[in-house]
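Colleague: If you want the building blocks of each chain, they are given just below.
2 protein chains.
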Amino acid sequence: MPKIVVDVMPKAELLDPQGKAVAGALGRLGQSAFTDVRVGKRFELTVDGPVDETVLASVREIADELLSNQVIEDVVNITVVDEAGAHSASGASGALA
Amino acid sequence: MPKIVVDVMPKAELLDPQGKAVAGALGRLGQSAFTDVRVGKRFELTVDGPVDETVLASVREIADELLSNQVIEDVVNITVVDEAGAHSASGASGALA
Chain A
85 MPKIVVDVMP KAELLDPQGK AVAGALGRLG QSAFTDVRVG KRFELTVDGP
135 VDETVLASVR EIADELLSNQ VIEDVVNITV VDEAGAHSAS GASGALA
Chain B
85 MPKIVVDVMP KAELLDPQGK AVAGALGRLG QSAFTDVRVG KRFELTVDGP
135 VDETVLASVR EIADELLSNQ VIEDVVNITV VDEAGAHSAS GASGALA
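If you read the protein sequences in the order shown, they are chains A and B. Each residue of the first sequence is one higher than the last, beginning at 85 in this note's numbering. Each residue of the second sequence is one higher than the last, beginning at 85 in this note's numbering.
Bound-form chain A, shown alone (with noise of 0.2 Å):
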């Protein structure tokens, strides 16, 4: 059954508390490649049937309304998954959102 995976992070201006927890024990390991980290959510919806408008409009608004919190978070990605784990469709929060 198709996929579809929704990418919630953490707004770009907001302080992420656990990224700078991993961040500062990057830092501690002596992995010094790294600048930022930022934690976010990744949702994974197993659809009942064909992936259409519908279902993708539906998805969008549950992104919105139900997996995120539009004051403190962005939805960055939604992307549709089939079965063999090919990306069929993605797009930005400028999209989608």
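Just so you know, the hints here were simulated from the structure itself, not pulled from any lab data. Among the hints, a few may not be true.
[Said to hold, decoys possible] 30 Å max Cα-Cα, derived DSSO-like pairs, lysine-lysine: (1) B/K95 <-> A/K95; (2) B/K125 <-> B/K95; (3) A/K125 <-> A/K87; (4) A/K87 <-> B/K104; (5) B/K95 <-> A/K104; (6) B/K125 <-> B/K87; (7) A/K104 <-> B/K87; (8) A/K95 <-> B/K125; (9) A/K125 <-> A/K104; (10) B/K87 <-> A/K95; (11) B/K104 <-> B/K125; (12) A/K87 <-> B/K125; (13) A/K125 <-> B/K87; (14) A/K104 <-> B/K125; (15) B/K95 <-> A/K87; (16) A/K125 <-> A/K95; (17) B/K104 <-> A/K125; (18) B/K104 <-> A/K104; (19) B/K125 <-> A/K125.
Every value quoted in this text rests on a predicted model; they were computed, and no experiment measured them.
Assemble chain B onto chain A, guided by the hints.
Modeller: Chain B alone, transformed into the frame defined by chain A:
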């Protein structure tokens, strides 16, 4: 600066209570097209400098040892995203984890 995205999901054989809660909420809201929801994490690491094989090897190690708990989670994806947002490399768990 290039970003590396690491996606971590709960293992398929484990219950995901957060995903079950979202799936339940979707059902109550009348969204019946979705059979399952799973919730994982998305890490965005900003890299200082070019992404070469050394950096990617570090990221694979970090993903396995720091960003995921291998007992209950899988690293499903490590993707390099350049400044413009284009994806230039990606892979499934089997190849990278």
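Colleague: Could you run down the list of hints and mark each one as holding or not?
Modeller: Structure-based check of each hint:
no. : hint              : in the structure
1   : B/K95 <-> A/K95   : holds (28 Å)
2   : B/K125 <-> B/K95  : holds (12 Å)
3   : A/K125 <-> A/K87  : holds (16 Å)
4   : A/K87 <-> B/K104  : holds (16 Å)
5   : B/K95 <-> A/K104  : holds (26 Å)
6   : B/K125 <-> B/K87  : holds (16 Å)
7   : A/K104 <-> B/K87  : holds (16 Å)
8   : A/K95 <-> B/K125  : holds (16 Å)
9   : A/K125 <-> A/K104 : holds (16 Å)
10  : B/K87 <-> A/K95   : holds (16 Å)
11  : B/K104 <-> B/K125 : holds (16 Å)
12  : A/K87 <-> B/K125  : holds (16 Å)
13  : A/K125 <-> B/K87  : holds (16 Å)
14  : A/K104 <-> B/K125 : holds (15 Å)
15  : B/K95 <-> A/K87   : holds (16 Å)
16  : A/K125 <-> A/K95  : holds (12 Å)
17  : B/K104 <-> A/K125 : holds (15 Å)
18  : B/K104 <-> A/K104 : holds (29 Å)
19  : B/K125 <-> A/K125 : holds (4 Å)
Comparing the model with each numbered hint stated earlier shows that all of them hold.
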